[in-house]
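For this one, chain A is given, so just place chains B, C and D with the ligands on it according to the hints.
Residue numbers (this note's numbering), protein chains in the order written: chain A, 13 to 394; chain B, 13 to 394; chain C, 13 to 394; chain D, 13 to 394.
Hints listed in this document are in silico derivations from the structure and should not be mistaken for laboratory results. Hints are not guaranteed to be accurate.
What the hints assert, rightly or not - Distance condition first, Cα-Cα at most 20 angstroms in a straight line; then the derived SDA-like pairs of lysine to any residue:
hint, chain 1, residue 1, chain 2, residue 2
1, D, 91, A, 304
2, A, 91, A, 304
3, A, 116, A, 50
4, A, 91, A, 76
5, C, 91, B, 105
6, D, 116, D, 132
7, D, 116, D, 76
8, B, 91, C, 105
9, C, 91, C, 109
10, A, 91, D, 104
There are 4 protein chains.
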Amino acid sequence: MSSNEDVPVRAPERTGVWFVGARGSVATTAVVGALGVAQGLAPATGLVTELEELDPDGLPQLVDLVFGGHDVNPQGVAKKAESLAEGGVVPAALVSAVAADLEKVDAEVRPGYAPGEEDVATAVQRLADDISDFRRRHDLARVVVVDVASTQPPVDHPEELTDLDGPLPVGAVYALAAFRSGASFVSFTPSPCLRLPVVVDAAARHGLPYAGCDGKTGETLLKSALAPMFVMRALDLRSWTSVNLLGGGDGRTLADPEAARSKTVAKRSGLDAMVGRPVPGPMHIDQLEDLGEWKTAWDHVRFDGFLGTRMTLQLTWQGCDSALAAPLVLDLVRLVSAAHAAGRSGALPELGFFFKDPVGGTEHRLTEQFHELVAWRRGLAS
Amino acid sequence: MSSNEDVPVRAPERTGVWFVGARGSVATTAVVGALGVAQGLAPATGLVTELEELDPDGLPQLVDLVFGGHDVNPQGVAKKAESLAEGGVVPAALVSAVAADLEKVDAEVRPGYAPGEEDVATAVQRLADDISDFRRRHDLARVVVVDVASTQPPVDHPEELTDLDGPLPVGAVYALAAFRSGASFVSFTPSPCLRLPVVVDAAARHGLPYAGCDGKTGETLLKSALAPMFVMRALDLRSWTSVNLLGGGDGRTLADPEAARSKTVAKRSGLDAMVGRPVPGPMHIDQLEDLGEWKTAWDHVRFDGFLGTRMTLQLTWQGCDSALAAPLVLDLVRLVSAAHAAGRSGALPELGFFFKDPVGGTEHRLTEQFHELVAWRRGLAS
Amino acid sequence: MSSNEDVPVRAPERTGVWFVGARGSVATTAVVGALGVAQGLAPATGLVTELEELDPDGLPQLVDLVFGGHDVNPQGVAKKAESLAEGGVVPAALVSAVAADLEKVDAEVRPGYAPGEEDVATAVQRLADDISDFRRRHDLARVVVVDVASTQPPVDHPEELTDLDGPLPVGAVYALAAFRSGASFVSFTPSPCLRLPVVVDAAARHGLPYAGCDGKTGETLLKSALAPMFVMRALDLRSWTSVNLLGGGDGRTLADPEAARSKTVAKRSGLDAMVGRPVPGPMHIDQLEDLGEWKTAWDHVRFDGFLGTRMTLQLTWQGCDSALAAPLVLDLVRLVSAAHAAGRSGALPELGFFFKDPVGGTEHRLTEQFHELVAWRRGLAS
Amino acid sequence: MSSNEDVPVRAPERTGVWFVGARGSVATTAVVGALGVAQGLAPATGLVTELEELDPDGLPQLVDLVFGGHDVNPQGVAKKAESLAEGGVVPAALVSAVAADLEKVDAEVRPGYAPGEEDVATAVQRLADDISDFRRRHDLARVVVVDVASTQPPVDHPEELTDLDGPLPVGAVYALAAFRSGASFVSFTPSPCLRLPVVVDAAARHGLPYAGCDGKTGETLLKSALAPMFVMRALDLRSWTSVNLLGGGDGRTLADPEAARSKTVAKRSGLDAMVGRPVPGPMHIDQLEDLGEWKTAWDHVRFDGFLGTRMTLQLTWQGCDSALAAPLVLDLVRLVSAAHAAGRSGALPELGFFFKDPVGGTEHRLTEQFHELVAWRRGLAS
Ligand SMILES: NC(=O)c1ccc[n+]([C@@H]2O[C@H](COP(=O)([O-])OP(=O)(O)OC[C@H]3O[C@@H](n4cnc5c(N)ncnc54)[C@H](O)[C@@H]3O)[C@@H](O)[C@H]2O)c1
Ligand SMILES: NC(=O)c1ccc[n+]([C@@H]2O[C@H](COP(=O)([O-])OP(=O)(O)OC[C@H]3O[C@@H](n4cnc5c(N)ncnc54)[C@H](O)[C@@H]3O)[C@@H](O)[C@H]2O)c1
Ligand SMILES: NC(=O)c1ccc[n+]([C@@H]2O[C@H](COP(=O)([O-])OP(=O)(O)OC[C@H]3O[C@@H](n4cnc5c(N)ncnc54)[C@H](O)[C@@H]3O)[C@@H](O)[C@H]2O)c1
Ligand SMILES: NC(=O)c1ccc[n+]([C@@H]2O[C@H](COP(=O)([O-])OP(=O)(O)OC[C@H]3O[C@@H](n4cnc5c(N)ncnc54)[C@H](O)[C@@H]3O)[C@@H](O)[C@H]2O)c1
Ligand code: NA
Ligand code: NA
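For reference, chain A alone in the conformation it holds in the complex:
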C-alpha cells in the first residue's frame, strides 16, 4: 500500500481517514487491517463493503486510503499494533510486515483536544486546521473524520447546546472541527454529539454528511439479529439479561460508571424499539483485566411460548472487540466518502446497520437495516 506516499501520475482519487483516537485499539486495528488487506497479506473477512451487494468496485479502495488523526496519548501506533499482536487481535507477522507504514501513519497524528486545557472555539479551529493541512499535503479528494476515542459520559440537556460558548462534549468539538474543515464525520463511540443543535446546524451549514453512533459489534448485533425472531414468531419476550466482560482500553474506560452509562443507554434502546415495549432485565458491563482485548458476553433470554410455556435461550459470545469494530470503521469510511462525493448531507440513517444507536433512524432490525443499506448504496451509484 502506497498510502502515505507521493501521489503517482493519474492516481485514482484518494480518501483521507482522520481518526479521533488514532492511537487506540480500534483505529490501530483498522490501519493494520487496511494495509494488510490492501497489500494482499490478509483476507477481506468482516468487510461488509466487499460484499457484492454493496458494489465494492464503485467505492474508495483500501489502497487509496490515507490515515492520520488526533490523540492525547503520546504512545505511537506501531507500539499499539505490537501490543495488539501480543493480545492475539492482529497477526504478529502482519504487524511486522507493515511496520514502516505504521510509522508513517503515526507521523500524521496531531495532539488532540483535552477538555479544560483549551477553550472550545480555539480548539475547533486548531483541530480543523490539522485536518485541512492533512488533506492539502496528501492531495486528498475528501476526508472522513471517524471518532474512535474513549467513550465519554452522556450529556444531561443536549437540546441546550446550541453554540460554542460553554463546555461541549469532546466528540462535538471534533465534529465541529471536521465540518469546518470540509470533512464528513462518523461517530463510532456512544456519544450525544450528533444530536446537539450546534453540531447538526454546522453540518447543515457546510452541507456535509455524518453517521453514528456507537458501532454495533457484539451483543447488540446479536440482539438485532435475534429479537426480530421472537417478534416474527409472536413469542413473548419476558426478560433479556446481558452481561459483558471485557478488558483492554475500552474496559478500563467503562469501569467508570458515568462512561458506562452512555454504553448501556445505547445498548438498551434498540431492544425495546424492536419489541415495541420495554423488555426488562439487568445489563452489566464489567472490566476483567485479564481478558485483554477479548470480550465475553452472556445473554439470558426468557420468553413464553404457546399457552404461556416458559422457555429460555442463553448465548455466550466470545469475540475480539477491536477486530469486530475495525472492518466496520473501514466500511463506514468508504460509504460516507462515497456519500460525500455524491453530494449527500446531513444524517445518513441508512447506515444504521453499523450502529447501536442510529442517528436519524429508528430501525434496529439487522436484516431490515441491511436491505436499507443496499438500497441506499444502489441509489448512490445511479
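Chains B, C and D with the ligands only, in chain A's frame:
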C-alpha cells in the same frame, strides 16, 4: 368453542383439521391450545397468524376449526393431554377446562395406516373416505390434512415413486388420501412425500395446495435467524456444531438412527444454503428420557473475523417442542385453508417461514421468509 | 406424620423446629417436604442426613419433628405451599395430601419481631416465651430455632454489640430469644448475628450450640466443589465472575442493595480462602421477577494453565433455591438437635458443610467439610 | 537447562524421560515446558509436584531430566514446537529460546514400532536396546518411559494376551521394552496394555513400577471434582451428557470410531463408579479441524433435588489439551522415578489422581485421590 358441535344458523364457514398422528404430542397440544385460545382461556402467544401483518380477521378463526384425524395408537387425546399437563407442556387447569371437548375430538379419530397391513391402493381409498365422511358430517367448507405422525425414515430413490404399486412412504399414502378426498395437505414431519412424483401429480390433478416439510421450531429456527447475521457481516463461519437432547415420543422415535437421518438431513440443508457453501460440524440428536417433552439444544459456532481472528458463539436453547410446534400447525391450517379457498394449488413455497425444508422454495433466511409470507398473504386477500 | 398431634404412649423423643420466617419459601418447603418424606409420599432426595455415613437411624426422625415459628407476614403456610406448587417448587399433589397438617403448623406461628415496634429486651422475652410455650405444649425434648427470615443488611461494627441496649440486628434478637428459652439456634441467612459478643455470650451462658450462617445451596456450593480442583492441579485462577438471576421473595429482598451486600460478602469469602489469595471478578445478584422461585447462575472462570495458556470454564446452574435449601434445613435440625442432646455448646464449625460463611471455622472445601462432618457425627454417637 | 549435555562434576542424579510418541503434541509441550520452567523462562503453573504438599525438593528436578523417545513420524520436535506456538499452545518466544535444546532432544528420538512391520519379540528387543543405550550414554540413574503415542483401539480379550507370540497392542510392546531395559512405565493414553497378563508379569519379574492410564485433563477431571458434590449432597443424578469438540492430532486419531471407543470407555467408567450406579447420557467426541489444539467440552447434567424438583447444571470447558497434559506428564515422571528409586514395583494406584482409568485402583473422586497421593508421597520420603 362450539367446534365439534351442530352448526348454528348462518354460521361462518368452518374448516376441518385432520391430523395424521392425532393422538401425538403436537396434535394434542394444538387441539388443547386452539380450544383454550378460542374460549379466551389462554393468550394467543406463538400464533404468527395473529400478527397484524397477517390480517387475522381474514383467516379462518380458531373457533371455527373442527378437529379429527388418524392414528395407530389407541390411547386417547384426553389421556395424552393429561400427560402433557404433567410434563408442563400445557397448563393442567386448561386441560380440565376443555376435557369434554377433547373427548369429542377423540371420537373423530379413525384407525391409521400401518405399512404392511393393507395394500397402498386400498389404504388410500379408506383414509380418503374417512376424511370425506368427516367433512360431510360436520358440513365443513374445507379440510386441511396435517401430518404430525412419527418421523419416518428417508427414501432412497424418491424420483422412482410414480404410482400406487409397491411400497410408498407412510406420509405419501396420507397425502394421496387427502388429495383424493379434496383436502389440502401439510407435512409437518421430515418426510420425502411432497417430492414424490406420485404425490405431486395427484395434487396437480386435483388442483389442491400443499406445504411442507418439517416444522421449524428450535435450533433450525435459531440458525435461520443467526446465520444471515454472519453472512451480512462478511464473517467467516468455520464450523457449526449442533447437539439436541430430547425426550418424549419424538425423542424415542429419533433414537432410531434411520428416522434420525431424515431429521438431520432436513436440519443441515438450510445452513449450507444460507451461507452458500457447506459449513462443517457434527450434528447430534440424542434421546434423554428424563427430559420429557423438553428439549435442550447446544450450538457451538466458530467464526473468523477481521484478519482471521478466531471467535465463538455458543447457544443453549431450552424449549418445549410441542409448545413451539402447535401454534405453527394452527397457523398453517389457517393459511393453507385460505389458500385453498382462494384457488391456489401445488406447492406453497411462501410458507417456507414455517419449515426446516421448504418444499418448492430455496429461501431459508427467516426475515426474508417472513417478508415473502406477508406479501403472499396480502396477495391472497386481494 | 402425626407431628403436631397428641403424643402417643411411649413415643420417641420429639424435636421442635421453630422457624423464624415460618411462612416464607424455605420454611414452607421444609415443612411440606418433611411431612411428605415422613409419610412416604416423596423420596428422601437431597437429605444429607439420610446418607449412610451420617447414621440416619441415630438422629431425630422426620416423623418426630414438630413445626412452629415466628413470622411478620399474616399469609399462612398453606397458602404459601400452594403458590410454591404453582411455581413448580413442590408437587401440587403433595401439597394437597398434607394440607391439613399445614394448617396445624400455621396455627403454631406467632407474630414476629419487627425492629422499631418493640424494644429489644421486651422482644427477646416475648419471643422466648413463645418458644418455651411451644415446647411445653408439645412436650418436646428439645427445640431448634432456625432463622430463615428475609436477608438483613450487614452491621458496621459487630464487635461493639455487647448488650441488649440499643438496636440489634433482627437475627440476633431471635438468637437471644432462642437461648433464653433453652433452644439451640441455626442461622440459615447471611447474618452477622452469630458473631456478635452479646449472642456468643448468651449461648455460652446457657450452654447451647449454634450453627451458621447462610445456607450453601447454589453457586457457592459449586465453587466449594470446583475451586479446590484448580488448587490441587496448580492451575492459576485469574478471575471468577458470578451472575445470579433470581425471582421470588428472596429476589425481591436482594433487589435492595444493602441486603444484597450481606449476600455477596458471604459468597466472596469462601473462594479467596480456598485459593489462598483474592480472586478478582464481579459478582452480581439480580432480581428477575419472571424467574419465580428458580435461579439461574452463570459463572465465568478464567484460569491459566501450563506456560500461561489461557483457559476458561463456564457454568450455568438452573436450580430451585427453596428446594435446595429445605433439605439442608432439615439436616441441620437433626444434627443440631443431636448435638444439643449430646451436650455440645457454642459454635459447631463441623457443620460448615452446610454454610457459605461457616461460623467458627475456616474450611470452605466441600469434600474436606464433608469429612469433618462425618467424623464429628461419629464422635457424637460414641 | 543443561539436560542433554555432559554431566558436570558431582552432578545430582539425572532421570531419563523416554517418550513413546516423542514428536507428538503432548511430548513436545512437556519438553518445551520442562526446559522453560527449568531455565526460569516460565512459571511452574500446572505442575502438581511443585505444590508444597508433595515436597518438590525431594523429587527429581526439572533441570535434571534428559529427554529422548520413539516415534514413527519423521517430522522433528522443533518443527512440532513451532506449530504448537502458532496454535497458541506454547509461547513463541519460549520456543525460540529453547530451539537449540529441542534439536538435541530430537537427536535422541529413535524409530518407533509399527505393528506388522516387525515381529513383536524382535521389536521389544530393539526398543529396549534403544532405551538402555540412552541411559548409558547419558549416565542416567533411571529412565521413565511415558507412552504419549496416538490412541489405539481397545482389545477384545485382554486376559488372553499372556505371551509375545501373536499380535500385541502397541502400548504393550513398548511397556515390555521398558521393563526389559529396566525402566519404569507410564501409560498416558487410553490403553489396555497395563492390564495384560504378559505386561503385568514382566513388570513383576523385573520389579519395576508402572502407572496409568489415560491422563485426566478435561471433562473427566471436572467430573471427578463435581460428581462427588452431587453424591455428598444426596442429589439424584439423572443424566450426564458430554460433548467434546477437539482438533489437533488427537482429534484426527479420535475421528476413527475404534480409537474413540477406547476413550469413551475410559471416560465413562469413573462417573458410574463415583455415583455407585450407571448414570445415563450420551458421550460424543467430535473432531473439529478448526479448533486446532483447543478443546471445547459441553456437559449437560440433569439432577433431581428435594421432592423431585428438576434442576440442571451446564458446563463449558475451553482448554488446551496439550497444555493440560504436559505438566501431568512431568509430574508423573518425577513421582514414578522417585518410586522406582524407593524400590516400589507393580501398579501405583496412588497416582490415580492423574488418570481417567486408574490401574490398580478404584477411587475416582479427585479430592480423595489427592489425599491418597499426598499420603503416598509422604510414605516415599520416609
Ligand atoms: N471495539 C468495539 O467493538 C467498539 C464497538 C463500538 C464502539 N466502540 C468505541 O470505540 C471507541 C474506541 O475503542 P478502543 O477499544 O479503540 O479504545 P482505546 O481506549 O483503545 O482507544 C481510545 C483512544 O482514544 C484516545 N483518546 C482519549 N481521549 C481523547 C481525546 N480527548 N482526543 C483524542 N483522542 C482521545 C485514547 O488516548 C486512545 O488512544 C470507544 O469509545 C468504544 O466505546 C468500540
Ligand atoms: N415438536 C416439534 O417441535 C416438531 C418440529 C418439527 C417436526 N415435528 C414432527 O412432528 C411429528 C410429531 O411429533 P410428536 O412430538 O407429536 O410425536 P409423538 O410421538 O408424540 O406423536 C406421533 C403420533 O403419530 C402416531 N403415528 C405413528 N405412526 C402413525 C401412522 N402410521 N399413522 C397415523 N399415526 C401414526 C403415533 O401413534 C403418535 O400418536 C414428528 O414427526 C416430529 O418430527 C415436531
Ligand atoms: N433458598 C436458598 O437457597 C437459600 C440459601 C441460603 C440462604 N437463604 C436464606 O433464607 C432466607 C429465606 O429465604 P426465602 O426464600 O424463604 O425468603 P422468603 O422471602 O420467601 O421468606 C422470608 C420470610 O421471612 C419473613 N420475615 C421477614 N422479616 C421477618 C421478621 N423480622 N421476623 C420474622 N419473620 C420475618 C417473611 O415474612 C417471609 O415469610 C433468606 O434470608 C435467604 O437469604 C436461602
Ligand atoms: N492432551 C491431553 O489432554 C491428553 C489427555 C489424556 C490422554 N492423552 C493421550 O496422549 C496421547 C498423545 O496425544 P497428542 O495430542 O500428543 O497426540 P499427537 O497425535 O500429537 O501425538 C502422538 C504421537 O505419537 C506418534 N505415534 C503414533 N504411533 C506411534 C507408534 N506406533 N510408535 C511411536 N509413536 C507413535 C505419532 O507419530 C505422534 O507424534 C494420545 O493417546 C492421547 O489420547 C492426551
Ligand atoms: Na477495545
Ligand atoms: Na426463595
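Quick rundown of the hints versus the structure:
no.: 1; hint: D:91 - A:304; result: 29 angstroms, violated
no.: 2; hint: A:91 - A:304; result: 16 angstroms, holds
no.: 3; hint: A:116 - A:50; result: 16 angstroms, holds
no.: 4; hint: A:91 - A:76; result: 24 angstroms, violated
no.: 5; hint: C:91 - B:105; result: 18 angstroms, holds
no.: 6; hint: D:116 - D:132; result: 29 angstroms, violated
no.: 7; hint: D:116 - D:76; result: 15 angstroms, holds
no.: 8; hint: B:91 - C:105; result: 18 angstroms, holds
no.: 9; hint: C:91 - C:109; result: 14 angstroms, holds
no.: 10; hint: A:91 - D:104; result: 19 angstroms, holds
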